[in-house]
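So the protein lines, in turn, are chains A and B. Using our numbering, the letters of the first sequence correspond one by one to residues 1 to 454. Using our numbering, the letters of the second sequence correspond one by one to residues 1001 to 1730.
Heads up, a few of these hints could be off.
[What the hints assert, rightly or not] Stretch-level coverage of chain B by chain A, calculated; a stretch enters the list once three of its residues show a Cβ under 8 Å from a Cβ in chain A: (1) 1360-1373; (2) 1403-1411; (3) 1470-1480.
[To be verified] Away from chain A, derived, C-beta distances all over 10 Å, residues of chain B: (4) F1012; (5) W1179; (6) A1207; (7) N1440; (8) T1674; (9) S1708; (10) N1726.
[Unchecked claim] Derived lysine-lysine pairs resembling DSSO-like cross-links, with alpha carbons at most 30 Å apart: (11) K206/A with K1521/B; (12) K243/A with K1475/B; (13) K1546/B with K1525/B; (14) K1546/B with K206/A; (15) K249/A with K1546/B; (16) K260/A with K83/A; (17) K1547/B with K1579/B; (18) K75/A with K1525/B; (19) K1393/B with K422/A; (20) K1546/B with K75/A; (21) K64/A with K1579/B; (22) K64/A with K1466/B; (23) K120/A with K1724/B; (24) K1393/B with K64/A; (25) K1466/B with K75/A; (26) K1521/B with K75/A; (27) K1521/B with K120/A; (28) K249/A with K1710/B; (29) K243/A with K1547/B; (30) K1547/B with K1572/B; (31) K56/A with K1521/B; (32) K165/A with K120/A; (33) K249/A with K1475/B; (34) K75/A with K1393/B; (35) K260/A with K1393/B.
Calculated directly from the structure, the hints in this document are not laboratory data. For every residue, glycine included, the Cβ atom is placed at its ideal position computed from N, Cα and C.
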Amino acid sequence: MEKKHYERPHIVRLDAGMPGKSGLRSELPPTTHIDGVAVAELIEKYGSPLFVLSEKTIRNTYQKAYKAFSTRYPKVQFAWSYKTNYLSAVCNIFHQEGSWAEVVSGFEYEKAIASGVDPKKIIFNGPAKTREELVLATENGSLIHIDHLDELYMLVEVAESTSQKPRVAIRVNMDTGIYPMWDRFGFNYENGQAWDALNKIMHSGKLELMGLHTHIGTFIMSANAYAVAASKLAELARSLQQKFNHQLKYIDLGGGFASKNTLKGSYLPGSDTNPTFNEYAEAISSALINSHFTPGELPLLILETGRALIDESGYILSTVIANKRMSGGRRATIIDAGVNLLFTSFWYQHQVTVAQGTSQYREDTSLYGPLCMNIDCIRESINLPLLNVNDHVVIHKTGAYNLTQWMQFIHLRPNVVLIDEKGEVHIVREKEKLTDVSGSELIPEHLVKINQNS
Amino acid sequence: MPKVVTILNQIFRSTLNSYTMVFFSKNRWFGAILFVVTFFDLHAGIAGLVSLMTANAFAWALGLNRASILSGFYGFNALLVGLGMGISFQPMPQFYVLLISVALATLFLTLAFEGVLGKYGLPFLTFPFLIALWLASLAARNYSSLLQGEAGIYTLNTIYERGGSVTMEIYHWFSDVNWPNFIKTYFKSLGAIFFQYHLFAGLLIAAGLLIYSRIAFLLSIVGFASAWGFYLLIGANMNELNYGFIGFNHILTAIAIGGFFMVASRWSFLWVILITPIISIITGGFSELLSSLQLPVYSLPFNIVVLLFLYAMKFRVRMLLKPETVVVQYYSPEKNLYVGQNSRQRFKYRGYLPINLPFYGTWTVNQAHNGEHTHKEEWRHAWDFVITDENGKEFQGNGLETSDYYCFNKPVIAPADGWVEEIVNNVPDNAIGNSNLDQNWGNTIVIRHSEWLFTSISHLAFGSIKVTAGTWVTKGQVLATCGNSGRSPYPHLHFQLQSTPYIGSPTIDYPISQYISLSGKPRLKHYEVPVLGEQISNIVQEPALKKAFHFVPGQNIDFVCITDDAYSGRWKVVVDVYKNQYLEDQKTEAKAFFHMDGSLFFFNHYEGSQKCMLYYFYLAAYKVPLAHYDDINVTDVFPPSSFSSSPLRLLQDIVAPFRIFINPVYQLGFHELTEDFNGNRVVLASRCYLKIAGFDSLDYRFIIEISSDKLQSFGITSKTFNAKVNFTKS
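The shape of chain A in the complex, shown without the other chains:
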C-alpha cells in the first residue's frame, strides 16, 4: 500500500453562507498523467522544471480549426506563425498537417527554409526586413507582406536586379471596432494609406500583387472584429478588380484568435468566454462569402493563427522548492519554474494543478518562481492544495510564445519533451549547459585571470 500523502496542519474558516460573487471554490482534479505518461516519471527522467508538449493535442486542435473553416469556406490555408513556437519539432507537426510558414524575421525565414518548407509557401511578415532578406525572399518566390512605404520603395529597387518579380501583399490596419486598434503595422484602411499603397504597387509594374493581409490584434475576444476586417479587405479587393482588373489570389486574415487561457482581470474563465474556432470561422467565412466575390472566384483564405493552435498543447511541470508565510500571514509557495520560462504569466492567470492526489482542502496561495527577482510571480493568488516540498505541479496552456520568449536568466533552460501520438516521449530541445551560455563568450586577454598576482 502506498504511503499516504502527508499534509501539514491548517485552519480554514467555515464558509456556510451564500457563495461570493466568484461562485463556488473551484477544485481541479490533479494532473497525474499527460497523454497517458505519468508526470512523476517525466520529472524523474527529464528533470524539473520540464516543458511538455502533446503532439496529439496539437494535431487535434489543428484539425478542429481546419474543419471549422473548411466546412464553411472552400479554400482555406493555415500558415504556422513561427514566432509563437519555432521549435523545429512543433513547426514540422504543423507542416505535416498542411500548414505553410509565417515568419517575421530573417532568422525565422532561414529556419523555415532549413526545415525544408517550400519557399513559395513562406509568408514573410514583419516591419524590419533587410535588403538582403528581401532579395532572397524575392528570388525564392516567397510571399512578402509589405509593412511600410519605405519597404515598398526598397522592394521596387530590389525588383530591378532580381530575376523574379517580388510576390507581395500589403499589411492593412483598420478600425474593426475593438480596442486597442493596432495601427503601428501596415497601411491604414480608413485614411486611404492602404489604397494609396496598392495604387503605387500596381502602377510600379515591378511587383506582383498577390493578396491582402491584416492582423487586427492579439487575443481578440470578439469574432465580429474579423468579420469587419474581412469585409474591408474584400472591399479593397473589389476596388482593385474594378480599377486594375486585377484579381487577388488570397486574403490573409492574420492571427490573433484567443486561446483558452484566462486573461488577468477576467471575471470568467477563458475556456467559457473566448470565442471558439467555429465562431471565428463563421464570422470570417460569412463576411467573405457575402461580399462581392462570385462562388467560383473566392480567394484563398489564409490564417496565421498561432496562439489558439498551440497554447493548450504545452505544459510546464515544476517542483515545489519551499513553502513560506508572508508578512501578512498569506501563504506562499516557491516552485522551480518562474517567469524566465513562463513569460505569459504576465498576462494570463495560468491554470495550475497538482500532480498527485491530495485531500479536499485548499488554501489561497501566492505562487512564486525561483528567480531572485521580485517580478517572478506565477500566480498572485491561487487556491492550491497543501503542498509539500518536492511535490509536483503542472502549469497548463503554456504552448504559445513561452518557448520563443523564454529567457536564459539566472537559471539555465530545461529540457523540452514531446509526447507523440503513441505515448512515446522525445526530447525536442535539450536542457542548456554552462557552455551553451558561456561558450560563445570571448574574454579579453587581460581579463582571463582573476587573480592578477598569481
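Keeping the supplied structure of chain A fixed, place chain B upon it in accordance with the hints.
This is chain B only, laid out in the frame that chain A set:
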C-alpha cells in the same frame, strides 16, 4: 494543285467506300479486293464503276451530304445495279445511256428510301438496287437496240473472251478442285454478291472479309452453315443454294444482325441461327411470286429480314437486353463490340446533369438510400448528411444543444446552377430529440436544374435562407445553413433529387457527379451514390490541370521530340458539326476524340495511326481528373481495339463475341505537385498495361508535366519504345 489532289482523294474515297459499303465496311484493303473482283468480268466491272461514279457525281452536284457521299452511302446501290446490268447486257453506247439513267434513278430511289426509312431510324440497305435492277430488267425487255449479255449463260466463252487462256485455266482449276460442296457453295455465294458466281471471286472476297473483320468472317460462315443445315433439315430445294447462290442473303444477314447493327455476342449469333428459317421462307415465297415476272429475288430476303428485325428491336422497352443495338456505328463489328462495350462501361452517365454535394468540407452520410429511418418507399433515394469528428461523434460536449452539433449552422451551397423553385424559411429549429412531424420537411429549398430535375434540401436553420423563390443560383453559392427544423431530432441535412418541383416529391435514383470518398483510402468517385457511413467531400479542382487540358478549337499544340532527332509535330484542336472535339495529328491525320466535363478530362475514341505521338498521348491522358489528391489512383479500361494487330488480337477478334480477354488497364496517379500561386506544377504519372494469363504483353509508362497552366512535356517509357516530347506552344 492541292485542290486537285483533294478532289481526287475525295473521288477515290467515295468510290472505294461504295465497294466496301456492300459489306458495311470502310476498310481500304477490302475495297481494293472487291474492286478487283468486280473486274473479273471486265465489262461488268466497268459498268459498275461507271454507275457508282455517276451516282456519286450527281449526289455531289446536287449538294447532298458530303460525308454520306464519301462514306459510299449513295454509291453502293448504283454499283450493284451497274454490275447486274453489266452482266445482263452487251456493252454498246445505248447500254451506257441506259446505265447512266438507271444509276441516276438508283440515286433517287436511294434518297427516297433514306427519307422514308430514316424516319424510323432504319437503314435503306440494298432496296434501291432491287427496285432499280428489277425495273431496268423489265423495261429493257422492250428496248430493242439493247442486246442481252451472254456472260451469265455461256460462262466459259465469256471468260475466255475477256480473260484469255490464263484466266480460263484458273477457272478450270477451281471448277475441278475437289472441295466439299458446302465450302465451294459458300465461296460461290460470296462471289454472287458481286455477280461473280465462281470460287476464285469468293475466295478473294472471303480473304477481304477476313482482313476487314474476323467477326464478320465468322458470322458469314455461321450464317451460311445454319442455312445449309436448315435446308437439309427441312428438305428444301437445295438448288436455291447450290445453283441460285441465294445463300449470300444468309451471309449478309448474318453480318448485319450478328455484328453490324447489333453488338456481336453469343446472343447475336443465336439470333443469326434463329432467323435463318425466316430468310429461307422469304426466299422461297418471293421466288415463287417473282418467278411469274421472271425476276430473281436477289438480296430481297436479306433486306426484308434485316429491316423486320431492326424494326422489331425498336419496340423493345429494355434496350440493354442482349443482343444490344449498336448506338455509335464504327463500321466494324470488332469496334462496335469493343468500343461500344467500353464506352457503355465508361460513359454510362454521359447524359446526366452534374450534381455536386451541397456543402463545404467533409461530411458523413448518416442515412443513405433505402435508409433505416425515413428513406423508404417513394423517398428512398435520399441522403442525410452530418459532420463527425475524429471519434465519429456528431457533437461536442453533451450534445443537448443544437449548437453542440458540428453541422449546425454550417453553410449549405447550391449543388448545381438552377432556379429556386420554392422555399420554406419559417419553421423553428427543434430542441434536440424533438421532431416536428406537422412540418415534416422543415425549412426547405427546392432548386430547378432542368425541367425534369430538381434538388431539395431540407431541415435548414430557421430564417437562414438567403435566396428567394424565382432567383437564379449558381453552383457553390451559399443558400442557407444547416439546421434542425421539421422531422429532425438532431441537426442534419436532408438532400434528395426529384423530378417534380414540390417539397416532399418522390425521390429519383440519381448519382452525385463527383466527390471524394474519405472512408479508408481516399478515392475519387464519379457518378456514384454515397453509401451509409461514407465520409465525403466535394472535389477541389486544380486550376493548373483544368487550364492545361482546356483545349480551344483552332488552337495548335506544337511539340518537339527531344529523344528522336528533334522531330517536331503539331496537333490541331478541332470541333466538328456534331460537337465532337478532337486533337488531330497534322502529319498522320490521326484523331483523338476528347471530352472535358469540367471535372474530368478524358479521351473517348481514337482513330488513325498507332505510330504517332498523339496515339501515346491518347493512352497517357485517357482519363485525367482535374483535381489533385495525393494517394488517389484513377483506373480505367481500354477497348482491345486501342492496340495494334497481333496474333493475339486476331485470336481475340475471333472469340470476342464470347469472351474478351484483352483488357488493357489504365492507371493514373499524381506524381508530384509544386504549388505556386501562378499555376501549380503538376506531374502526372500514368500507365497502360496488359496482362494476359499473368504475362505482361504490354506496359507503357507515361509522365505528363504541367506548369504555368500549360502542358510542358510528355514522356513514354516501355521495353521497346522510349521518347520524350516538349510542348513548345500550347
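Results of checking the hints against the structure:
Given a C-beta distance limit of less than 8 Å, the hint that chain A covers the segment 1360-1373 of chain B holds, as 4 residues qualify and 3 suffice. Here's how the segment 1403-1411 of chain B fares: 5 of its residues keep a CB closer than 8 Å to some CB of chain A, so the rule of at least three is met and the hint holds. Residues of the segment 1470-1480 of chain B lying with their CB closer than 8 Å to a CB of chain A number 5, which satisfies the three-residue condition for coverage. With a closest Cβ-Cβ approach of about 50 Å to chain A, F1012/B is found to remain outside the 10 Å limit, as its non-interface label requires.
Separation of W1179/B from chain A is adequate, the least Cβ-Cβ distance of about 72 Å exceeding the 10 Å criterion. With a minimum CB-CB distance of about 59 Å to chain A, A1207/B clears the 10 Å threshold, and the non-interface call stands. For N1440/B, the requirement that its beta carbon stay farther than 10 Å from each beta carbon of chain A is met, with the minimum near 26 Å. Consistency note on T1674/B: stated as away from chain A, yet its beta-carbon is not over 10 Å from all of that chain's, at 7 Å minimum.
With a closest Cβ-Cβ approach of about 13 Å to chain A, S1708/B is found to remain outside the 10 Å limit, as its non-interface label requires. With a minimum CB-CB distance of about 22 Å to chain A, N1726/B clears the 10 Å threshold, and the non-interface call stands. Taking the CA atoms of K206/A and K1521/B, the gap is about 45 Å. The hint is violated against a cut of 30 Å. For the proposed pair K243/A and K1475/B, the alpha carbon gap of about 27 Å is at most 30 Å, so the pair holds.
For the suggested pair K1546/B and K1525/B, the alpha carbons sit about 18 Å apart, so the restraint of at most 30 Å is met. Pair hint K1546/B plus K206/A holds up; C-alpha atoms about 29 Å apart against a cutoff of 30 Å. Between K249/A and K1546/B the CA atoms are separated by roughly 17 Å; this keeps the pair inside 30 Å, and the hint holds. For the hint pairing K260/A with K83/A, the CA-to-CA distance comes to about 19 Å; that is within 30 Å, so the pair holds.
Note on K1547/B and K1579/B: the hinted pairing holds, with a Cα-Cα distance of about 20 Å set against a maximum of 30 Å. Between K75/A and K1525/B the alpha-carbon distance is near 21 Å, which keeps this suggested pair within the 30 Å criterion. With a CA separation close to 22 Å, the supplied pair K1393/B and K422/A stays within the 30 Å bound. Between K1546/B and K75/A the CA atoms are separated by roughly 17 Å; this keeps the pair inside 30 Å, and the hint holds.
For the proposed pair K64/A and K1579/B, the alpha carbon gap of about 47 Å is over 30 Å, so the pair is violated. Taking the CA atoms of K64/A and K1466/B, the gap is near 27 Å; set against the 30 Å cutoff, the hint holds. Simply put, K120/A and K1724/B have alpha-carbon atoms about 29 Å apart, close enough for the 30 Å limit, and the pair holds. For the hint pairing K1393/B with K64/A, the CA-to-CA distance comes to about 13 Å; that is within 30 Å, so the pair holds.
For a cut-off of 30 Å, the pair hint linking K1466/B to K75/A stands: about 21 Å separates their Cα positions. Restraint check for K1521/B and K75/A: satisfied, since their Cα atoms lie roughly 22 Å apart, inside the 30 Å limit. The suggested pairing of K1521/B with K120/A holds, with an alpha-carbon distance near 29 Å, which does not exceed 30 Å. Pair hint K249/A plus K1710/B holds up; C-alpha atoms about 19 Å apart against a cutoff of 30 Å.
Straight-line distance between C-alpha atoms of K243/A and K1547/B comes to about 26 Å, which keeps the hinted pair within the 30 Å bound. For the given pair, K1547/B sits about 17 Å from K1572/B by alpha-carbon distance, which is consistent with the 30 Å threshold. The hinted pair formed by K56/A and K1521/B meets the criterion: a straight-line CA distance of about 22 Å does not exceed 30 Å. A threshold of 30 Å between alpha carbons decides the hint, and for K165/A with K120/A the separation of about 13 Å falls inside it, so the pair holds.
With a C-alpha separation of about 20 Å, the suggested pairing of K249/A with K1475/B holds against the 30 Å cut-off. At most 30 Å may separate the alpha-carbon atoms for a hinted pair to count; K75/A and K1393/B meet this at roughly 25 Å. This hinted pair checks out: K260/A and K1393/B have alpha carbons roughly 22 Å apart, not beyond 30 Å.
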